[in-house]
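Number of protein chains: 4
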Amino acid sequence: MKVAVVGLGYWGPNLLRNFLAQQDVEQLIACDTREDRLKVMKQKFPSVILSNDCEKTLTGNSDLVVIATPVATHYPIAKKALLNGKHIWVEKPFTANVAEAEELIEIAESKNLNIFVDHTFIYNGAVIKMKELVDKGELGNILYFDSERINLGLFQRDVNVIWDLAPHDLSIMQYILGFKAKAISANGIANFNGKENIAHISIYFEDNCFAHFHVNWLSPVKIRRMIVGGSKKMLVYDDMENFEKIKVYDSGIEIKTTEGIHEALVQYRIGDMFSPKVNQTEALALGARECLDAIKENRQPLTNGYDGLEIVKLLEASDKSLKGMGRIVEIEELVHF
Amino acid sequence: MKVAVVGLGYWGPNLLRNFLAQQDVEQLIACDTREDRLKVMKQKFPSVILSNDCEKTLTGNSDLVVIATPVATHYPIAKKALLNGKHIWVEKPFTANVAEAEELIEIAESKNLNIFVDHTFIYNGAVIKMKELVDKGELGNILYFDSERINLGLFQRDVNVIWDLAPHDLSIMQYILGFKAKAISANGIANFNGKENIAHISIYFEDNCFAHFHVNWLSPVKIRRMIVGGSKKMLVYDDMENFEKIKVYDSGIEIKTTEGIHEALVQYRIGDMFSPKVNQTEALALGARECLDAIKENRQPLTNGYDGLEIVKLLEASDKSLKGMGRIVEIEELVHF
Amino acid sequence: MKVAVVGLGYWGPNLLRNFLAQQDVEQLIACDTREDRLKVMKQKFPSVILSNDCEKTLTGNSDLVVIATPVATHYPIAKKALLNGKHIWVEKPFTANVAEAEELIEIAESKNLNIFVDHTFIYNGAVIKMKELVDKGELGNILYFDSERINLGLFQRDVNVIWDLAPHDLSIMQYILGFKAKAISANGIANFNGKENIAHISIYFEDNCFAHFHVNWLSPVKIRRMIVGGSKKMLVYDDMENFEKIKVYDSGIEIKTTEGIHEALVQYRIGDMFSPKVNQTEALALGARECLDAIKENRQPLTNGYDGLEIVKLLEASDKSLKGMGRIVEIEELVHF
Amino acid sequence: MKVAVVGLGYWGPNLLRNFLAQQDVEQLIACDTREDRLKVMKQKFPSVILSNDCEKTLTGNSDLVVIATPVATHYPIAKKALLNGKHIWVEKPFTANVAEAEELIEIAESKNLNIFVDHTFIYNGAVIKMKELVDKGELGNILYFDSERINLGLFQRDVNVIWDLAPHDLSIMQYILGFKAKAISANGIANFNGKENIAHISIYFEDNCFAHFHVNWLSPVKIRRMIVGGSKKMLVYDDMENFEKIKVYDSGIEIKTTEGIHEALVQYRIGDMFSPKVNQTEALALGARECLDAIKENRQPLTNGYDGLEIVKLLEASDKSLKGMGRIVEIEELVHF
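Sequence order for the protein chains is F, E, P and C. Take any residue in the first sequence, count from 1 to its spot, add 1097: that is its number in the numbering used here. Take any residue in the second sequence, count from 1 to its spot, add 1097: that is its number in the numbering used here. Take any residue in the third sequence, count from 1 to its spot, add 1097: that is its number in the numbering used here. Take any residue in the fourth sequence, count from 1 to its spot, add 1097: that is its number in the numbering used here.
No lab work stands behind these hints: they were computed from the structure. Note that the structure is predicted; figures quoted are calculated from it, not measured. A hint or two may mislead.
Which copy is meant is left open, so a pair is good if it fits within one copy or across any two.
[Stated by the list, open to error] Simulated pairs of lysine-lysine, PhoX-like, Cα-Cα distance not exceeding 25 Å:
| no. | residue 1 | residue 2 |
| --- | --- | --- |
| 1 | LYS1319 | LYS1226 |
| 2 | LYS1420 | LYS1279 |
| 3 | LYS1329 | LYS1319 |
| 4 | LYS1139 | LYS1153 |
| 5 | LYS1233 | LYS1277 |
| 6 | LYS1393 | LYS1099 |
| 7 | LYS1417 | LYS1177 |
| 8 | LYS1141 | LYS1099 |
| 9 | LYS1374 | LYS1319 |
| 10 | LYS1099 | LYS1228 |
| 11 | LYS1136 | LYS1233 |
| 12 | LYS1329 | LYS1228 |
| 13 | LYS1176 | LYS1099 |
| 14 | LYS1277 | LYS1226 |
| 15 | LYS1177 | LYS1393 |
| 16 | LYS1233 | LYS1374 |
All chains, please: the whole structure from these sequences, using the hints.
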């Protein structure tokens, strides 16, 4: 396999390092127009081939093009790579809007090429454990999903805090719960430069489930925490914990009545807590493996264009709702597929 | 001073205990129609006069009637007490709607009687410290206020989780920021009995400030935390901490540009942290003292009917917005005063 | 049952409250020579009979005398109570030295009276859970027991920090591990008034087990934590945690060799963690119940004179070792029984 | 400057990386007899010169030899390097006994060569901040120093847990308090292979100060915490905290009496807490810089042979005391200088 990584900013070096470690990668090109970035890569990864010519990289002999450039450029670069017969890996969020995502999926399908969208957290040991627990029914029916990702973060110039941080959490939610978001209400504020730096997203589902996402670039404390409430048990995923990232609480409520739910006496129950061991393998290593394996086996990867599209739908809907100060936006409004 | 406490449920005993401890309370009546509650009070507070006759208590010789009954009954009981010339203390939330609150305020004013609304947290040492820090400009301009109050709580039959928990946090916000909420967007879900058990409230202000409140009766972990983001410093109030409840972070962002805010390079800055000592006196003791002092000095108490009314406005607006799945509701829509 | 509580200082009110709550206590006397303490008790517990005459109380009609006076006075008061045919409850530590403890046990046995020593933590839900887990072999063989109890505490005038705090932890250790301490080494310092305010106690056992106790009156942070290391699993009891007081770690080491232990490759293993629900009943309520039941059933209580004696042996040995700056002291040196 | 690193085990790669980053290092040799380790280094640091010939490396053209081999081999390698006119950097602990350390210091002095002992924590931002606070008198007189370093660690075959972990904490203590340890008492247990895996060290000083060190390879939880108690304030250094590593508590005790200390009423006082920002620069980078600068400036480095010797004295004394189950060992007994 020949791989080319385009875009050597914050995330690019991690991609290079992980593709370098894959046995079946025989050629690795690193491409950026910024000479200083190429110089840094040369020092870190002397065996990698450097290029400052994006055009040439996209039309060269690579099998897979890995795109780690700003969001707005995903679509043109990805399109060119696909049209040149390359499989693509695209950083999150997949594209800047739904239409772009749909077009890329169509092109890839017509040419039998793979799109891998880097929803990295889907390959994280703690998230895999969450999925496993939910799938085998440990929590019962999922009643709600609550996520918080706040810290003092570098403000992005091109996107707001939702496009920057929420794709992580939205992709985890979709992995755990499936594609069933129905409508979105988003609120937030732009304290400085016109891009929201604090935002809250509420998602309504078809069944009686609810999700909420809190993202903030301006918090003095760093919190990365999810709560999944189930009818049987409840789970907390705290990514800031060094060791006990997942905790499953045998706690909940019990409805004691025969007279119908409205008259119910709802009581709470506190039980044992269990914190399962979580696989510590670097998520990006597992992602790179999955991407390469899917190409070889001529199948869709676990995080493919459709997954990327679903997240972009939620992001686009959030922007609409933000402008309406929380106005409810149906996901279906956005679908043209 | 002669005081009568009506309603001896969960909170009633705390009220009795604190009024008993005031030197100038010469007579204390405890009233409830439930004989078992009266029996428990007799054991705990043998010196208190018991009564199962609410009518008589409200028309008796008390100077102050303390109302700790379910929200729906606040209005009729408070009205009768006022009309009989009693000052009143009402548990939060003040009333079940804006119209009731406005009527009670009018009656009290026409008869020169005091209304004390029990926004207990305003008398809490940590909240007093927050107010002090904000007032002397330690944080700079307030950019946002973020509150979370979640745990495994007893479901209320008569009100949803917003009416149950949010008055605490909304009253703290108003104490710190003043009355300037402009519009509300609320989202949530009722998983069981028709009353929302999880809710998120966003509040927009006239200036570029934003507040958010997360309340949840169905969380496996107990979180009671506020973050106040300022242009100079940021503050975290964690009520679950035993010792360091307030932390002030000399952290924030800096805008480095002369080319206007949209092109700004926003950078973050991390500095020292400071955790001031907080007064440990029981809030309810200070509240009882303030209530009695205000009556004696013929002045409005710190938490009076107008404060209660403001919170009821926010609650009523939240209900409207909840029904509209986040629809923005202007606070002014509700004001008939 | 007729009960008399002698000594109404810090702990006395808790004893009164808990004996008051026992159905079979028909008479409760509270005795102290300090009039101000009697006055406070009168307000809190109006149904209790007050007395300032200790002599009379010890010779009166009570079945059980509860002794909550300073350590140095335990022996004379307990002796007089026993000689007057009363069962006794004695606060920890049982006596000021081994000889006193032995004599009281002899008197009680000769007169068929019960001695209950208030090792309160033995009735604590978390400790009961620890005992249960160890007894059913969950942890395997116990390799070590490590305890820390430090905070900013009121300095005692009459005893050092070991006599004040360590009885809690030593009694828990003995409850969990049995009576098998063989030798003690203690170190510490008296920064102020001649009584050690920081101390470390190491205990060696007959089998290859080791225990350590850290007590400190001068710590800026409050820590109350025990670690029990087993050959199969390890347990942490953190009393400062509100909810997850006991955590059992399926972690440990594995010895991979057939060439004998000295050449062994010792590797570590990290697995799941489990936090069992713990009974929240107040320990003192269970202690009072056990004390009364044991008398009625004419049997030794769970925490009796022999338990008290064992702890006093360890305390006396600690003092000897402290003077020798860690000199090892055999427990057997102290036994005259 | 030409530098050779001998020993490419766990710590060697960190040394290579940090010396590579120094501008004035013109040649860097990495030496180990294990071919697999050389191969790994080749991949990570392609610009480094590899060697499997230790003899040649020690007699070659390097100015500085960095020794990162097992403790028992420090002395022969260091001696040969010094005799060949090289400055040396030696990992902690400096040598396997006092005599070796003294001989190396003598050789280095006679040849005007530098010994740098890698007490890395002395270059750690949090430790530097502690030193600064103590030196400017923020804490008042130091009353005690309490250290805990426990986790589930890889058992060493060649040394016990004291020699493995305690040098970190002992060197911090000496940096903060100066060289004034007078006597040591150590206790512990070897549960498995004859080397102690849990140990407690108490140190007595000439003035009324006391230090204690707890090290443990078999703890299910990872704790790295120091408490420094002062007459004015107290400090906690928690290395497991991500952000607030140093906390200074304006808490302590007050002695209220004129009748002499033995009758004193010692009361406690709780005040504000302050957590200063700590420099995040990698300690090893600062250490490498100091080592090279000291050579260039022909002066002793901050952590030199004498510092190394002091720690080895404490370690050797600990071993003696361990064998005597806590027997007090005077540091002077060991000095032959």
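Check each numbered hint from earlier against the structure, then list the numbers of those it violates in ascending order.
Hint check: 7, 10 and 11 fail, others pass.
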